[in-house]
Every structure is written in C-alpha cells, then in structure tokens.
Amino acid sequence: MRKIRFIAQKEVYHILRDPRSLVIVFAMPILMTFLFGYAINMDIENITIAVADYDKTAASRQLTGDFINSTYFTPSAGKPAFQDPERLLKTGGAAGILTIRPGFAEALANGTEFELGMTVDGADAQLALAVQAYSNVLLSRFLLNQLPPGTNIGGVRISTLVKYNPDLKSSQFFVPGLVAILLLMISALLTSITIAREKETGTMEQLLTAPVKPREILLGKIIPYVVIAFLDGILVLIFAKVIFGMPFVGSKMLLLLFGLIYVTAALSIGILISSLVSTQQVAMMAALVTTVLPSVMLSGFMFAIKNMPTALQVLSHIVPARYFLVIIRGIMLKGSGLQILATQAAALVMLTLVLLTLASRKFKTTVG
Amino acid sequence: MLKAYTGLIKKEFIQVRRDKNMLRIIFIVPIMQLLILGYAVNTDVKNISLDLYDYDQSHYSREFARALAAGDYFKFERDDRPLLTRSLWTLDDRFRNGSAEMALILPNDFSGRLTRGEDVTVGLVADGSDATAARVGIGYMQQIVYRFSGRIAGFESPLTMRHKFLYNPELASVYYMVPGIVATLLTMITVMLTSMAIVREREMGTLEQLLVTPISGTALLLGKITTFAILGFVEICVALIVGILWFKIPFVGSPLLLFGLSALYLVTTLGIGLFFSTVTSTQQQAMFLAWFFAVFCILTAGFFTPISNMPQWVQYVTWINPMRYFMVIVRGILMKGAGLSELMPNIYPLIIYGGLIFGFAAMRFTKRTT
Chain A
1 MRKIRFIAQK EVYHILRDPR SLVIVFAMPI LMTFLFGYAI NMDIENITIA
51 VADYDKTAAS RQLTGDFINS TYFTPSAGKP AFQDPERLLK TGGAAGILTI
101 RPGFAEALAN GTEFELGMTV DGADAQLALA VQAYSNVLLS RFLLNQLPPG
151 TNIGGVRIST LVKYNPDLKS SQFFVPGLVA ILLLMISALL TSITIAREKE
201 TGTMEQLLTA PVKPREILLG KIIPYVVIAF LDGILVLIFA KVIFGMPFVG
251 SKMLLLLFGL IYVTAALSIG ILISSLVSTQ QVAMMAALVT TVLPSVMLSG
301 FMFAIKNMPT ALQVLSHIVP ARYFLVIIRG IMLKGSGLQI LATQAAALVM
351 LTLVLLTLAS RKFKTTVG
Chain B
1 MLKAYTGLIK KEFIQVRRDK NMLRIIFIVP IMQLLILGYA VNTDVKNISL
51 DLYDYDQSHY SREFARALAA GDYFKFERDD RPLLTRSLWT LDDRFRNGSA
101 EMALILPNDF SGRLTRGEDV TVGLVADGSD ATAARVGIGY MQQIVYRFSG
151 RIAGFESPLT MRHKFLYNPE LASVYYMVPG IVATLLTMIT VMLTSMAIVR
201 EREMGTLEQL LVTPISGTAL LLGKITTFAI LGFVEICVAL IVGILWFKIP
251 FVGSPLLLFG LSALYLVTTL GIGLFFSTVT STQQQAMFLA WFFAVFCILT
301 AGFFTPISNM PQWVQYVTWI NPMRYFMVIV RGILMKGAGL SELMPNIYPL
351 IIYGGLIFGF AAMRFTKRTT
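Line by line, the protein sequences give chains A and B. Per my numbering, residue 1 is the first one in the first sequence, and the count goes up by one each step. Per my numbering, residue 1 is the first one in the second sequence, and the count goes up by one each step.
What the hints contain is simulated information worked out from the structure, not anything from laboratory work. Just so you know, not all the hints are guaranteed correct.
[Said to hold, decoys possible] List of simulated lysine-lysine pairs, DSS-like, C-alpha gap at most 27 Å:
1) K10(A) to K199(A)
2) K248(B) to K90(A)
3) K199(A) to K20(B)
4) K3(A) to K213(A)
5) K169(A) to K241(A)
6) K362(A) to K20(B)
7) K163(A) to K252(A)
8) K169(A) to K46(B)
9) K213(A) to K362(A)
10) K56(A) to K164(B)
11) K164(B) to K79(A)
12) K367(B) to K3(B)
13) K306(A) to K169(A)
14) K56(A) to K199(A)
15) K163(A) to K75(B)
16) K163(A) to K306(A)
17) K306(A) to K248(B)
18) K306(A) to K75(B)
19) K306(A) to K10(B)
20) K199(A) to K3(A)
21) K199(A) to K367(B)
22) K90(A) to K56(A)
23) K169(A) to K75(B)
24) K163(A) to K46(B)
25) K169(A) to K199(A)
26) K11(B) to K199(A)
27) K10(B) to K20(B)
28) K10(B) to K90(A)
29) K248(B) to K164(B)
30) K248(B) to K46(B)
31) K10(A) to K213(A)
32) K241(A) to K163(A)
Predicted model, so just to flag it, every value in this text is computed and none were measured.
Only chain A is shown next, with the shape it has when bound in the complex:
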C-alpha cells in the first residue's frame, strides 16, 4: 500500500512539473463542451433550396412562399439558370430545386392530377431524406389550406406530449454524450504516455530495480489520473449545467459513482496502450486513433446503435462510452435509478477489469 502511494506521489510530481499540460487538460474539455454544445445540432432545418417557378401564377407563388418561409427551408442566394439548373447543386449553392411546371394553377383549380418536381442533392443522404419528408409535409399542408373554408373532412388529429425534453432541444441529448466522450479521450491520452515515457527516457529500469511489484507500479500510476479525470468530469458537468441549463433529474451521487468507474475504464485503455508500445509518440497516436473516431461513431453518440449492422452492434460492446452514454443520459434526463442502469454499470466494471488485467499481464511480459 505504501509503495503504491510512493509511486503515485512520484507521478504527481511529474504532473505538477508540467503546468501547461495541466491547464490544457482542464481548459480544453470545457472549451470543447461550449463549442460543440452549440455546434452539434442534428435537427436538420434551414435547408437552402431554390425555386424554379415556370407557372408564375398566384397559386404557384403561394406554394413558393409556403416552402421558403417555412422553418424547414431557406431561399438560396442564387437563382437556378434555365439552361443548367443543376449547376446550383454542384456548387453547393442549394440542396434542392423545386420546379413548378406551367399549368400548376389550372390543375389545382380543376382538381386534375399534376406532378411537381424536386431535384435534390443526394450526396448527403440524410439531408436528401429530410428534403423529401419536409416537402411532402409542406405540400399536404398547402393542399389543406386550399380547401374551401367550412369543408370538414373529419380526420385524426394528434395531441403530442414530449417527455424529459419538452422543447426537443438536441443539446440536451448531445451535451451529456459530449461529456462522456471528452472524458474518455482525455483519460486515455493522459495515461497512454506514462509508462512509455519511462521507457523512452530510460527511467523504467530504475523503477524496476526498485522493490515494487508491476501491479503496484500500474496502480500507483493510475490513481493520480483517476483524481484528475474525475475532477475534470465534475467541472465539465457543472459547466454544462450552468451554460446549457442541463436538467439533472436523477441522483448526482449515482452519476459520480458511475463516473468514477467510467474514468477508470478509460484510463485503463491508456495504460494498456502504454504497456504495449515503447515511445510516447506511438502511444499518443494509438490513444487518439483508438478513441476519437470509435467513440464518436460507435457509442450511440450520434448514430443509433440499433440501426447498425449486427457485426458492428456486437463490436460496439467494447467501446466504454457506449455504456456510460446510456447511464449519463438516463440519470440526467430521465432520472433513471440503479435498478434500470445496473446492466450498463456491470458491463462497465467488467470491461475495466478486463482492460486492467490485460495491461498488467502485458506489462509483466515486457519487463520480463
């Protein structure tokens, strides 16, 4: 126990000697939460479209107005050229072009069938699907407004109640996720170099000749970083609450407890990497490459896991952020308790243990 404390103390000196890094470790997550909390918005709105109105009647102008004045669309700066309307899509000047052929008003008055055209930039499939859905909704609405007043066709109306996030702000969904991902990345980075640095500078041998067990070295090295990462997490959470007005429905103690498990898992990734490689540069690059994209893309942060191919769904189980995302969103937004989150927490603990065991085993073999 005492030996672990000494190793930890030594690591603390290392950390304190480089105050610049320490400032970065605390300032960057906050800066990032601030920026991305605003930047990430998956509700696709204000899509730029252009209208090519060849009918030029009151009805066609009405339809045009309905489209470009809705929250879904905004008018493009450029007009589609008659000869080559699609150039506007190619330059990125608009994402869609609504074409109203001549005869629109006539068809509308007579109730005859008529086809409108919407040419969509399909490069971004997501955006294209949104354009399709929005234009169908706007067209239905336009038609209902054209019915003579007093017509009652008797239909189904929906009264909607949205729980947990009544304003449907996507920041409420993304900020907790962002906290989880930033914590994971910074933790993995922090520990990834600790052992590699000793190897690179040659102090590893000194450490090994000292009467400490490899397990004690690993634990002693992790503990100071657990404290740093944990404080970092609390700081970011406070910030998220103050700036984004994040709700905090569930138990704070429970979140802190799970947070502690989570940062330990993340730090274990770094330690594992560190015991596998021999230079700091490789360690850091490995930490970056293995944490950034996978935790952004495979954790359910942006893309729902249930919509992925089965193989990827299986693979996502080794991404620690996956479990913590469910936990942090559940606790902050829905007030979920231990009972509901127990499976996620258990998985996280398992993952941490596996990572730590792997790290200590690899560590032993490299020192011989």
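Go by the hints and put chain B onto chain A.
This is chain B only, laid out in the frame that chain A set:
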C-alpha cells in the same frame, strides 16, 4: 543544400520504417477504421419502438394500427399482436429502461367519431431525450395520420411531388461518409506527425545535434515536411483505393484535380502541425493541441452535421477549420464531378490559410533554430 535535404528525408524514412508500431498506426489502423466505421453511419431514424394503447378495439383502430406498422418507421413490441393491453402507468418505466420510445393512445370513441365524420384526437407521448429521433417520429406519425384521414374521408390529393436524387440515387450514406473519414484521417495523422516529430527531437536533444551540422534551418524544415507530405499522400491514396474497391464509392470527377487540391490541403495541415511544434515544449503538450484540433475539425467540418445548421457565431468559428473546405472539395470531386470553377469558393480560403499558417510557422521555426 540538396544533398542535405535528401539526406534528411532518408533519415526520416529510416526512422519511420524502424518503428513498426508507428507504421501500423499510420496505415493499418486507419484502414481498419475506414472499413468498420463506413458501416456505422446510419442516421435514418427507423424502427421506433412504439407502444399502442388501443381503447377502441374496433375495425378503424385496427386499420390505423396496420397503417402504423406498414413501412419500417415504427416497431411494435410483438409483431403478431400489436394492440397492447398494458396499464398506462407502466409507460414511465418503459421509457426509462428504453423499452418504448413513443406511445400512442387511441380513445374509445375513435371509430364512433370517425364514422360520424367528426374529428378525433389521439394522444401521442414521446421520449424527447433523443430530440432528433423524437422529432422524426412525430413527423412520421403526422404523415401517416394525414394519409389515413384522407383515405377515411375519401379525399385524394391531386398533387404529387416527384423527387429526383442526383449524385447518389440510392441515398447510401456510406458514399457521403467515406470521403469524410478519408479527410479526417488525413488531417489527424499529418497534424499529429508533424507537431510531435519536431518537439520529440527537441525533447530528446537530437535537434541540437542536427543544428550543429552544416544543414540550414530551411533544409531541415523542408526535409521534415516533405517526409510527412509523402506519408500523407500515401495515406490518402490507400484510403481512397479501399473506399473505391470496398465501398464502391463513385469517383466521378478528376483524380488529378483531387491530388492537386490534396497537396494544397496538406500545406495547411503540415503548417498547423509545424505551428503547434513551435509553441510547445513537450510531446505531451503538442499532442494535446493536435488532439484538440482534430476533434474540433471533425465536429465542425460539416462531416456529421451540416454547417448551415449551426448558430451563426459557430459558423464564423468554422472558418478557421481547414477541413471544412477540404470536405466540400473531396465530396464534390468524388460524387458530383465538380470542377475547378465550381470548387473555387473553397479553394481560395485554403490558399490563403495554407500560405499564412505555413509561412508564419516556418518563420517561427527557422528563427528558433538559428
């Protein structure tokens, strides 16, 4: 001068080749990521778990349930018997543990009112914690309800909208995402390599050894940069080949143009890496900066979420993200066959950006080394 330059490049390559782990991280890991992550991207909201509380149990209500179940928008817990008879108060628990995302409540006068030609209001409860999914789900519901109402009333719309999807008719998101991943990997790896390689020499003390040799600061700089530029180029080629062979992403435009503009982009990322190396003193600091920059680039380049969707002030911030310009270029050339003139608005900023940052960083670097 020339001999010193080629000698330096040779030294750098020996160093890169000697480190097997480094090579794996630069080449194999990114390719694996490309292969895996290309499939991860699916932002279509589908199979929303819907609980249906049907208090009417009539012909109309069952028809409505069938309309909901058609298509893959909504998924009932049990496909064979979608009409649930669960108590309403269990709904909260079902939301919390994720068994249900939406619930629809049909009142017991559902069919009665519809046969009399009156309006009937149904209750929809949505789990708003995933705002996007909730919004899309409510939208789907609205569309289905419009159609159902129209059918009941015998009202057929004379107007139809025909959608034509250019560049990507099957709307495969992989085509859009793979170029994005290629750009991301290129940015991450070149910025990191450059920023850390120079700081490393300084930290290990080998930079001083280099400086006492008759190699000029400029040659030193060019030697380093050329190596990383070559690595970056190999990286982009390998990633593109994998994208084309494996994901069958289209390559409509000119490969030559893409390579030329990639070179332009590399000037910017190498310049940024060089700049980071001049403002930091340890590898750890350089790495933290590079990391911050990489995440910033990924999330504000219009990779996952369109820039036009961000608040105005964030849109201004994205101007300092070189990847946002390159993203448009890569996607434009690969998918739309965009040419030089169409891409100009995204080329100018890169020229200015690259020139400024590279010039500034090179000045700082040579000043510090002489």
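Hint by hint, here is what the structure shows:
1. K10(A) to K199(A): Holds - the C-alpha atoms of K199(A) and K10(A) are around 16 Å apart, at most 27 Å.
2. K248(B) to K90(A): 21 Å, holds
3. K199(A) to K20(B): 17 Å, holds
4. K3(A) to K213(A): 9 Å, holds
5. K169(A) to K241(A): 14 Å, holds
6. K362(A) to K20(B): 18 Å, holds
7. K163(A) to K252(A): 20 Å, holds
8. K169(A) to K46(B): The given pair, whose Cα atoms are some 20 Å apart, holds under the 27 Å limit.
9. K213(A) to K362(A): Holds, at roughly 14 Å.
10. K56(A) to K164(B): Between K56(A) and K164(B) the Cα gap is close to 22 Å, so the pair holds against 27 Å.
11. K164(B) to K79(A): The given pair, whose Cα atoms are some 19 Å apart, holds under the 27 Å limit.
12. K367(B) to K3(B): Given that 27 Å is the threshold and the Cα spacing comes to 22 Å, the pair holds.
13. K306(A) to K169(A): 22 Å, holds
14. K56(A) to K199(A): It is violated: about 76 Å lies between the C-alpha atoms, which goes past 27 Å.
15. K163(A) to K75(B): Status holds; Cα separation ~20 Å.
16. K163(A) to K306(A): It holds: about 21 Å lies between the C-alpha atoms, which stays within 27 Å.
17. K306(A) to K248(B): 25 Å, holds
18. K306(A) to K75(B): Status holds; Cα separation ~12 Å.
19. K306(A) to K10(B): 49 Å, violated
20. K199(A) to K3(A): 20 Å, holds
21. K199(A) to K367(B): With a Cα-Cα distance of about 32 Å, the restraint between K199(A) and K367(B) is violated, given a limit of 27 Å.
22. K90(A) to K56(A): 26 Å, holds
23. K169(A) to K75(B): Holds - the C-alpha atoms of K75(B) and K169(A) are around 24 Å apart, at most 27 Å.
24. K163(A) to K46(B): 20 Å, holds
25. K169(A) to K199(A): Measuring from Cα to Cα gives roughly 48 Å; hence the hint is violated.
26. K11(B) to K199(A): Roughly 23 Å between the alpha carbons, so the hint for K11(B) and K199(A) holds.
27. K10(B) to K20(B): OK: K10(B) and K20(B) at ~17 Å, within 27 Å.
28. K10(B) to K90(A): 43 Å, violated
29. K248(B) to K164(B): Satisfied, since the Cα-Cα distance of roughly 22 Å is no more than 27 Å.
30. K248(B) to K46(B): Satisfied, since the Cα-Cα distance of roughly 25 Å is no more than 27 Å.
31. K10(A) to K213(A): Holds - the C-alpha atoms of K213(A) and K10(A) are around 16 Å apart, at most 27 Å.
32. K241(A) to K163(A): 19 Å, holds
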